[in-house]
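Visitor: Residue-level listing of the chains:
There are 2 protein chains.
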Amino acid sequence: MSGAGTRRGEFELIAALFAPLSKGAPGALGLTDDAALIDVAPGCSLVTTVDTVIAGVHFRSDDPPDLIARKALRVNLSDLAAKGAKPVGFLHALALNDGIDDAFLERYAAGLAADVTEFGVPLLGGDTTSGPGPLSITITAFGVVEKGKALLRSGARRGDVLCVSGTIGDGALGLACLNHDLEISTVLSDELVARYELPQPRLAAGRALAGLATACLDVSDGLVADVGHLCAASGLAAVIGRYTLPLSAGARSAVEQDARWWDEILGGGDDYELAFSIPPDRLADLQSIASRLKLPLTPIGTLTPGQGVTVIADGKPCALERTGYRHR
Amino acid sequence: MSGAGTRRGEFELIAALFAPLSKGAPGALGLTDDAALIDVAPGCSLVTTVDTVIAGVHFRSDDPPDLIARKALRVNLSDLAAKGAKPVGFLHALALNDGIDDAFLERYAAGLAADVTEFGVPLLGGDTTSGPGPLSITITAFGVVEKGKALLRSGARRGDVLCVSGTIGDGALGLACLNHDLEISTVLSDELVARYELPQPRLAAGRALAGLATACLDVSDGLVADVGHLCAASGLAAVIGRYTLPLSAGARSAVEQDARWWDEILGGGDDYELAFSIPPDRLADLQSIASRLKLPLTPIGTLTPGQGVTVIADGKPCALERTGYRHR
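Respectively, the protein sequence lines represent chains A and B.
FYI, the numbering for the first sequence is 2 to 329, going by this note's numbering.
FYI, the numbering for the second sequence is 2 to 329, going by this note's numbering.
None of these hints come from the bench; they were simulated from the model.
Treat the hints with caution; some may be incorrect.
Pairs involving identical chains hold if they fit within one copy or between any two copies, as the list cannot separate such chains.
[Said to hold, decoys possible] Here are the computed lysine to aspartate or glutamate pairs in the EDC-like style, where the Cα-Cα straight-line distance is at most 16 Å:
no.: 1; residue 1: Lys150; residue 2: Asp40
no.: 2; residue 1: Lys24; residue 2: Glu119
no.: 3; residue 1: Lys148; residue 2: Asp40
no.: 4; residue 1: Lys148; residue 2: Asp315
no.: 5; residue 1: Lys24; residue 2: Glu147
no.: 6; residue 1: Lys148; residue 2: Asp282
no.: 7; residue 1: Lys24; residue 2: Asp222
no.: 8; residue 1: Lys150; residue 2: Asp67
Whenever a hint applies, use it, and build me the whole structure from the sequences.
Guide: As structure tokens, this is what we get:
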């Protein structure tokens, strides 16, 4: 990725850059063992999830190394958020190639360190290999949730209200700004790009929703696609009102410029917001969580009998050009 | 890897080939969710480990797909064995490329299915991506061990006896047979190749050693390198008697042909046997475990003050040409 510098050997790399990220986690065994130990309190279940991100597929090869690392971790933390889990640590499998040098890895590890601190989630172990392919990062994240309280994709009931956290579409529009497909003011563009490069896993919201939401997932593939997954798992359909979607100033500016950006907002992905269903009589509880967390939690539609996702605008269903994640 | 056939989409692939491997594991959520749930019994710790294997680096691109899958899983089970843990499941992150077709994946999944059954270790979840790089498989394996009983690399004491399970060197010599570097009888060559292609994670031995061994790891990088890791973690040195090493008929035949094969036996890796230390007064317990498991557990040396690993043959230290894993 970053040219022709030198690179430490695997053991030196781990000791210098990664072992410090395991501080305070005795189960990491100082990253000098083959495995890690996790103690799970009685009454809790362990939640685990894995995601691989590959240069040129899931991120751009010239993205800043610290942001590559942080996003790779955060997409996994977002999966834990969607389960209502509290993160407890992660494993980190890194497949390097000869183009990755020490300078790149130092910036990469600094980014990871920032998020280890921000989210209180220690590195527990990992694997470092080298091959001919593009840089590839596989993170396995661990969280804990009270037994029986994990939020699932299934569980929504007919008549439940469909809601989302934060604002929708910013990640995909941020990528469009980076690719010079979308031209808006620098201030708005910077905000959208930041949302693409550094998603905010909604951990506090996920934990607050455990016990309230009937189903939940994080929006990574695109709102319509992911709500479709929630519907399929719950055996229901969803109707979304397009004008109820919470939009940032940048996203509003984009659709005012050209209504075709709605496709990107509805289908672009990279939101890492939560989409979830709640019983209609719990909307007041939702509003009190939203004000406590200072995070919009917005009703956007309804779960109905049937299957599939319909988006309504101007009184009629929209034709959806994009309904799922497209690799970049 | 296998040419130009068609390939199912990600969701279809998971439903058709991988979801059946999660049978009997409710925490896998049918592989339709973003995460998996694991319940750990009170009094137990979760043990977790991750390893990536890449085509052309850790296995040969023309290795049989079923064996690629099984070995990718088994190298992780071997790490659990070295901790004395009982496996409970695994996550599977697969990075494909356009050369991988359905026929390849069906054979791959059939191999994985065979080991899911053989080791009673369900698939709990995963991630499937596609990129321009070689096939890459990252498996995160989970096991449980009684709290405080996990075997670690650290913990060996001076005067402890160093031991290994099974026979040493067969994996590396099997690879030498596949590469036509080593020419021996077909019967012996087939046995060595099988040891390279399908390692046997020493799970029963690891569990029997929990509470007996003072330190343990699995031999993947090469006997001398891995014993070196155990020594470093324990703050000791090791002296190994070369003629005490348990060898298979194939390995004996190789060193009789040319003593230079000792380098491969001592440093080649891919053994996936356990190397461990026990107090000298527990040798009788070791022998009873060996006969119960019908698996050789052989004393090969001693832990002494100092650092580093010395191999003695013919009354003097051997010069070691290879002391660690070399990618193939």
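Visitor: Now look at each hint and say whether the structure bears it out.
Guide: To see whether the hints hold, each was checked on the structure:
{"no.": "1", "hint": "Lys150 <-> Asp40", "in the structure": "between (19 Å within a copy, 13 Å between copies)"}
{"no.": "2", "hint": "Lys24 <-> Glu119", "in the structure": "within (14 Å within a copy, 37 Å between copies)"}
{"no.": "3", "hint": "Lys148 <-> Asp40", "in the structure": "both (15 Å within a copy, 8 Å between copies)"}
{"no.": "4", "hint": "Lys148 <-> Asp315", "in the structure": "neither (44 Å within a copy, 61 Å between copies)"}
{"no.": "5", "hint": "Lys24 <-> Glu147", "in the structure": "neither (26 Å within a copy, 24 Å between copies)"}
{"no.": "6", "hint": "Lys148 <-> Asp282", "in the structure": "neither (25 Å within a copy, 44 Å between copies)"}
{"no.": "7", "hint": "Lys24 <-> Asp222", "in the structure": "neither (34 Å within a copy, 26 Å between copies)"}
{"no.": "8", "hint": "Lys150 <-> Asp67", "in the structure": "neither (34 Å within a copy, 38 Å between copies)"}
Violated hints, in rising order: 4, 5, 6, 7 and 8; the structure is consistent with all others.
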